[in-house]
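K.L.:
Okay, here's what each chain looks like letter by letter:
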Amino acid sequence: MKSDDLKFTSAREPGRGYHDIGGLDYGTVDANVTEARPWEKLSVVLGNAIGRSGTKLICVDEVRRSREEMGEQLYNELGYFERGIEATRRLLVEKGIIEESELEERMAQIAAQIAENGR
Amino acid sequence: MTPRLAPGDRVQVVLTNPPGHRRTPFYIRGKQGVIERACGEFANPEELGHGFDGLPKKQLYRVRFRQKDLWANYRGGEYDTVDVDVYEHWLTPLPVLAGR
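Listed in order, the protein sequences are those of chains A and B.
Residue numbering for the first sequence follows our numbering, beginning at 1 and increasing consecutively.
Residue numbering for the second sequence follows our numbering, beginning at 1001 and increasing consecutively.
Please keep in mind that the hints were generated in silico from the structure rather than gathered at the bench.
Please note: incorrect hints may appear among the correct ones.
[Unchecked claim] As a list, the in silico SDA-like pairs of lysine to any residue whose alpha-carbon atoms are at most 20 Å apart: (1) B:Lys1031 x A:Asp20; (2) B:Lys1058 x B:Val1011; (3) A:Lys95 x A:Ser43; (4) A:Lys56 x B:Leu1055; (5) A:Lys56 x B:Phe1052; (6) A:Lys56 x B:His1050; (7) B:Lys1031 x B:Gly1076; (8) B:Lys1031 x A:Arg16; (9) B:Lys1068 x B:Arg1029; (10) B:Lys1031 x A:Gly15; (11) A:Lys95 x B:Asp1053; (12) B:Lys1031 x B:Asn1017; (13) A:Lys95 x B:His1050; (14) B:Lys1031 x A:Gly23; (15) A:Lys56 x A:Ile85; (16) A:Lys56 x B:Gly1051; (17) A:Lys56 x B:Asn1044; (18) A:Lys95 x B:Phe1052; (19) A:Lys56 x B:Gly1054; (20) B:Lys1068 x A:Leu24; (21) B:Lys1058 x A:Arg52; (22) A:Lys41 x A:Met107; (23) B:Lys1057 x A:Arg52; (24) B:Lys1031 x B:Trp1071.
Using the sequences and the hints given, assemble the complete structure.
P.N.:
The following block contains the structure:
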């Protein structure tokens, strides 16, 4: 999404969170429903697995709060599922459940594996 | 716990913009509406969002607002409404109108 499309950001009143956009002018809503991509579905599964219906490491309200704290610029750059996984990552680090370095190591491992095997 | 407010009661949403995780949308803050129903008690998401247990539970209500009370220059019908779920601590009871 282009940032030009986000007309409502300049119209925000003082005290209004950047996520709290109900009623602001967003322009035309794209009504084309698209199938969620596999990683998007997996991100929801992960959230459920460690959420209140799973191992209870985090809860949905904490993830929402984390979305509200990532900063307006990043929030608006990311898509819906990206925001969710970014908020979850920040929350897991904040709560000391994982370390940033641990995550980066694992991501590098997976990237290397994909480069080698193509998946 | 019995709900403090009943269907038909007039209420005003508290006009405040505090920091922290809040579930009351900005567009109804300070606005007047009517209790449509009590929805039950739930752990307080404003506390859950910051790692607390959210207890004691808070009573949640469905509050009905006139669209024309929420939006400047609303051009729809006079009696168009919108329902929003709001927790009790965000609601101030308003006096009963004379003649009702």
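K.L.:
Where does the structure disagree with the numbered hints, that is, which hint numbers, in rising order?
P.N.:
Checked against the structure, no hint fails, so every one of them is satisfied.
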